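Protein sequence lines correspond, in order, to chains A and B.
Per the working numbering, residue 1 is the first one in the first sequence, and the count goes up by one each step.
Per the working numbering, residue 1 is the first one in the second sequence, and the count goes up by one each step.
Source of the hints: derived by calculation from the structure; they are not laboratory data.
Model, not experiment: these values are computed from the prediction.
There may be inaccurate statements among the hints.
Simulated coverage check for chain B against chain A, where a stretch passes if three residues somewhere in it have a Cβ under 8 Å from a Cβ of chain A [what the hints assert, rightly or not]: (1) 62-75; (2) 78-91.
Listed below are the simulated DSS-like cross-link pairs for lysine-lysine, each with C-alpha atoms no more than 25 Å apart in a straight line [what the hints assert, rightly or not]: (3) B:Lys-5 x B:Lys-73; (4) B:Lys-59 x B:Lys-77; (5) B:Lys-5 x A:Lys-41; (6) B:Lys-77 x B:Lys-5; (7) B:Lys-77 x B:Lys-13; (8) A:Lys-41 x B:Lys-45; (9) A:Lys-105 x B:Lys-45; (10) B:Lys-5 x B:Lys-59; (11) A:Lys-72 x B:Lys-45; (12) A:Lys-41 x A:Lys-56.
Some chain A residues near chain B, calculated using beta-carbon distances under 10 Å [what the hints assert, rightly or not]: (13) Gln-6; (14) Ser-9; (15) Ala-48; (16) Tyr-51; (17) Ser-52.
From the three backbone atoms N, C-alpha and C, an ideal C-beta is built for every residue, glycine too.
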Amino acid sequence: QTVVTQEPSLTVSPGGTVTLTCASSTGAVTSGYYPNWFQQKPGQAPRALIYSTSNKHSWTPARFSGSLLGGKAALTLSGVQPEDEAEYYCLLYYGGVEVFGTGTKVTVL
Amino acid sequence: QITLKESGPTLVKPTQTLTLTCTFSGFSLSTSGVGVGWIRQPPGKALEWLALIYWNDDKRYSPSLKSRLTITKDTSKNQVVLTMTNMDPVDTATYYCAHRPDMVQGTYDYWGQGTLVTVSS
Numbered sequence: 001q002t003v004v005t006q007e008p009s010l011t012v013s014p015g016g017t018v019t020l021t022c023a024s025s026t027g028a029v030t031s032g033y034y035p036n037w038f039q040q041k042p043g044q045a046p047r048a049l050i051y052s053t054s055n056k057h058s059w060t061p062a063r064f065s066g067s068l069l070g071g072k073a074a075l076t077l078s079g080v081q082p083e084d085e086a087e088y089y090c091l092l093y094y095g096g097v098e099v100f101g102t103g104t105k106v107t108v109l
Numbered sequence: 001q002i003t004l005k006e007s008g009p010t011l012v013k014p015t016q017t018l019t020l021t022c023t024f025s026g027f028s029l030s031t032s033g034v035g036v037g038w039i040r041q042p043p044g045k046a047l048e049w050l051a052l053i054y055w056n057d058d059k060r061y062s063p064s065l066k067s068r069l070t071i072t073k074d075t076s077k078n079q080v081v082l083t084m085t086n087m088d089p090v091d092t093a094t095y096y097c098a099h100r101p102d103m104v105q106g107t108y109d110y111w112g113q114g115t116l117v118t119v120s121s
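Looking at chain B on its own, in the form it has when it is part of the complex:
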């Protein structure tokens, strides 16, 4: 059974750096083809793809946020970490991590419950 769970601060101040951790079980990020992605959703708005990391440490980023994002993995801890620098109130959103089972077919089949991050002074 695959599960993912996001954790991190619920409130950050403008200009601060956000660090979110996705802790997962039921799969390994050392398995060929597997990846973990991050997606966010501002309140009442659409989903926005942020970043993705694969088993081989291949990393992909949203072009509009690339300069602010870093995604890393710790295979031994079954964790993926997303950092976002220079946070702004417009970054207020629910942040989800999701499992990518196959590099070729490109889907996110299992999702975490999401964590709401509010950016405010």
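Pulled out of the complex, with its shape left as it was, chain A reads as follows:
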């Protein structure tokens, strides 16, 4: 069974920068896995942020960016705002089967 692993938690100061990563148990993550990133706040449905590694939706704030880093998918938050405190999930595509990551809780402190 494929497992997609994320950091359980990260803490960042307001205005700071933090990078979340998304690793696959099958090996290096490439653009062919079409990495997606979602933000979820308590009691809310997930909100799409990034698709196909680095593409932003029309509503995605400019401070969010996606990339590939060291064989993993990565989400970087630059100039973090208090409202960015949330759980973040990646999603990888395995040729018709899709797997969400374990999630990263980002705390802004």
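Position chain B relative to chain A; hints supplied.
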């Protein structure tokens, strides 16, 4: 404006079959490339991808749940139905449906609000 809404029972008994309906507006499941997926989230846990159906009736399932899941669409009613057999307490979760705009790029851009299903006798 794209909207999706999940509906179905809030409580099911173990061994029963769950049937959830996703009713959507703002897009058509007869449009090339478009799909609707189902994702669930047990309380306090991570998201889990369940199934996806495309405009051309191509269906994809989570390998670990494939034997229990069936996804269908009714294009005329703008609905997608997910059935899950042999429900167990571990299936207690909020179930979401979501819109896939493009078969190639593979994202879920719009989500329903979710519906909490509790499995208990």
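**Message:** Taking 8 Å as the Cβ threshold, is the statement that the stretch 62-75 of chain B is covered by chain A upheld or broken by the three-residue rule?
**Reply:** Since three or more residues must qualify, the claim that chain A covers the stretch 62-75 of chain B holds, with 3 doing so at under 8 Å.
**Prompt:** Does the nearest C-beta of chain B fall within a distance shorter than 10 Å of the C-beta of A:Ser-52?
**Reply:** holds, 5 Å
**Request:** Starting from B:Lys-77, check that the Cα of B:Lys-13 is at most 25 Å away, please.
**Result:** Distance ~28 Å between B:Lys-77 and B:Lys-13 Cα, so the pair is violated.
**Prompt:** For the stretch 78-91 of chain B, does the count of residues with a C-beta closer than 8 Å to a C-beta of chain A reach 3?
**Reply:** Not satisfied, violated; 0 residues make the cut.
**Item:** Interface hint compliance - A:Ala-48 to chain B, C-beta minimum distance less than 10 Å
**Value:** Hint holds; A:Ala-48 Cβ to chain B Cβ min 5 Å, cut 10 Å.
**Message:** Just to be careful, I want the Cα atoms of B:Lys-5 and B:Lys-73 compared with a cutoff of 25 Å; is the pair within it?
**Reply:** holds, 14 Å
**Message:** A:Tyr-51 was flagged as interface toward chain B. Is the shortest Cβ-Cβ separation under 10 Å?
**Reply:** Holds, about 4 Å.
**Prompt:** Does A:Ser-9 pass the interface check with chain B, least Cβ-Cβ distance below 10 Å?
**Reply:** violated, 13 Å
**Message:** Hint check: B:Lys-77 vs B:Lys-5, CA-CA at most 25 Å. Holds or violated?
**Reply:** Between B:Lys-77 and B:Lys-5 the Cα gap is close to 13 Å, so the pair holds against 25 Å.
**Item:** Holds or violated: A:Lys-41 to B:Lys-45, with C-alpha atoms at most 25 Å apart
**Value:** holds, 13 Å
**Asked** Is B:Lys-59 within 25 Å of B:Lys-77, Cα to Cα?
**Response** Roughly 19 Å separates the two Cα atoms, so the pair holds.
**Prompt:** Does A:Lys-41 lie within 25 Å of B:Lys-5 when you go C-alpha to C-alpha?
**Reply:** Since the Cα atoms of B:Lys-5 and A:Lys-41 sit roughly 19 Å apart, the hinted pair holds (cutoff 25 Å).
The structure fails to meet hints 2, 7 and 14 from the earlier list, while all remaining hints are met.
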